[in-house]
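Q: The chain contents come next:
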Amino acid sequence: MGAGRGKPRALPTRPQYRASAEGGSGADPGGEAGPAWSGVGGAGDVSRPRVSGRRTGACGLLPLPPTTAPNGSSGPSRDSVEWEGRSLLKALIKKAALGGEQVHILGCEVSEEEFRAGFDSSINSRLVYYDLFRDPLNWAQTGKALPGGPLGALQAMCKRTDPGPVTVALDSLSWLLLRLPCAALCQALCAMSRQHACRGGGPAAEQLCMLGLLHRELHGPGPTGALSSLAQTEVTLSGTAGQASAHILCRRPRQRPTLETLWFSVLPDLSLDLQGGPPLESQPHPDPHTPQVDPASHLTFNLHLSKREREAKDSLTLPFQFSSEKQQALLRPGPGPATSRIFYEPDAFDDLDPEDPDGDLDV
Amino acid sequence: MPTQMAASLCITFSPSTSKGVSLTVARECGQLVFLEGLKSSVDVFFRAQVEPHPLQFLREANAENLQPLYEFVREALKPVDDGEAAWRCPVLLVDDLSVLLSLGMGAVAVLDFIHYCRATVCWERKGNIVALVHDSGDTEDEENNILLNGLSHQSHLILRAEGLPTGFCRDVHGQLRILWRTPSQPTTQRDRSLTYQYKIQDKSVSFFAKGMSPAVL
Chain A
1 MGAGRGKPRA
11 LPTRPQYRAS
21 AEGGSGADPG
31 GEAGPAWSGV
41 GGAGDVSRPR
51 VSGRRTGACG
61 LLPLPPTTAP
71 NGSSGPSRDS
81 VEWEGRSLLK
91 ALIKKAALGG
101 EQVHILGCEV
111 SEEEFRAGFD
121 SSINSRLVYY
131 DLFRDPLNWA
141 QTGKALPGGP
151 LGALQAMCKR
161 TDPGPVTVAL
171 DSLSWLLLRL
181 PCAALCQALC
191 AMSRQHACRG
201 GGPAAEQLCM
211 LGLLHRELHG
221 PGPTGALSSL
231 AQTEVTLSGT
241 AGQASAHILC
251 RRPRQRPTLE
261 TLWFSVLPDL
271 SLDLQGGPPL
281 ESQPHPDPHT
291 PQVDPASHLT
301 FNLHLSKRER
311 EAKDSLTLPF
321 QFSSEKQQAL
331 LRPGPGPATS
341 RIFYEPDAFD
351 DLDPEDPDGD
361 LDV
Chain B
1 MPTQMAASLC
11 ITFSPSTSKG
21 VSLTVARECG
31 QLVFLEGLKS
41 SVDVFFRAQV
51 EPHPLQFLRE
61 ANAENLQPLY
71 EFVREALKPV
81 DDGEAAWRCP
91 VLLVDDLSVL
101 LSLGMGAVAV
111 LDFIHYCRAT
121 VCWERKGNIV
131 ALVHDSGDTE
141 DEENNILLNG
151 LSHQSHLILR
161 AEGLPTGFCR
171 DVHGQLRILW
181 RTPSQPTTQR
191 DRSLTYQYKI
201 QDKSVSFFAK
211 GMSPAVL
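The listed protein sequences derive, respectively, from chains A and B.
With this note's numbering, the residue at position 320 of the first sequence is 320, and numbering never jumps.
With this note's numbering, the residue at position 168 of the second sequence is 168, and numbering never jumps.
A couple of the hints might just be wrong.
[Said to hold, decoys possible] In silico DSSO-like cross-links for lysine-lysine, where the CA-CA straight-line distance does not exceed 30 Å:
(1) A:Lys-144 / B:Lys-78
(2) B:Lys-78 / B:Lys-39
(3) B:Lys-203 / B:Lys-39
(4) B:Lys-203 / B:Lys-126
(5) A:Lys-307 / A:Lys-326
(6) A:Lys-144 / B:Lys-126
Keep in mind that the hints were calculated from the coordinates and are not lab data.
Model the full structure from these sequences, guided by the hints.
A: Set out below in structure tokens:
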């Protein structure tokens, strides 16, 4: 144990990408935004809720009017180690399946059996599962691996979705982001939504909703920001005292972004139970990049200065500070030989001897 | 559903010391397959290898993955006699993954290795994996943080052993925080995390609730 931690470490193979701001932040009028990602980010898992024009009120996701944009963009759901997001992702998948949509799932992190656990047979039959778990990198050389590796699997998924409302779930985006360059992943996601739109007929009917799971501790702000910019909704999972909460940031085109926080729990049958209401702690987990809170703001005593007090403080000269005024005072000749005098009244017991003033000391 | 549990801890928790496990006997009868990394790394350098050595990455300047190591694990798990495995439910103990990082492998390569081990040990053979990663608390160490968090997200059970926040104690060696990540039990939300303190003894470990060490009661 304790082998020297002195690297050499392999250099990271993925460069950090800045968010490309393509069609993000609701500023894009033409609706040409790339696939809107609704990420639901649990404290760990970032899953993307879908928000494109679908009435998903029960999920607490705000309904959007149908747009001409082809992307169903849900966003990433951000989870964390403490608050996992896969169960929320499965709950959203169940909702989509019950709504009659076809659901395609790219499973990278868990086996197909484990992912399908919890769904009943009617829902399981509607799920089209692409298994990247068993042999993602083709080490076994059995020929059963999905061709083209992770990127090839993503592109193959895109080709196989039929026209019509479809939900695509990626479990997980983090797995893909660790093994693919961020730009390639974003381009593949954009391409998926474009191709789906091209295949379909009317604008409102063909809606692609993409749900992705992102583990927020695994990635820096660059890749996370890039994926967020593609998303229409981001759900960040956290919680207190055993109760999970979801902070939902919704960015609709041509509208202001909205932020909502909900308590929720996923029941054993994978239905979503929303408790709504503001949580006890109304702020999500603070982003380390935001400025710190003023420490003097919640005290029982006052540490702030009024304007007058501040002026008086600034104009005060400290007694032992050698300022220019003090220098002038010393250089000026004094008013008399002694500017300070000591007045002493000896009492009856004093025995002052001017020649030996310390005579009374017993030293 | 196969879960990743603290299998190694189950062995050392034996209440009576007379029920210890003899690893030598286990190794001889094939129950235990032990790859001693330090010793066999010497073989990589000083002995001619016919087939890829599990620790082949030590020799290669640009080793991209740990596939030879995974092949070793897979071979060890193969049933030996007439298609039937002699032992059920294998357990893979990895001690420890942080060393692989120090030897030059990237975090993603180590995560891929564990991914494939999970596919074989947990899914195919219905076994368990227990892996150790060190957390130095250094936020600058990106690779280790990616490995630690990546592994945590893959795990059903996380055991964090750390020293006491108040410092050294002779009777309490540390505390263990147990976090369940199994998603399918929402009713046990409150039991998702438990913290125990422990003392390591000669052949076992004794656990007790916080503040309930026998030395202070």
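Q: Work down the list of hints and note, for each, if the structure agrees.
A: Hints and how they fare:
no.	hint	result
1	A:Lys-144 / B:Lys-78	20 Å, holds
2	B:Lys-78 / B:Lys-39	24 Å, holds
3	B:Lys-203 / B:Lys-39	25 Å, holds
4	B:Lys-203 / B:Lys-126	29 Å, holds
5	A:Lys-307 / A:Lys-326	27 Å, holds
6	A:Lys-144 / B:Lys-126	21 Å, holds
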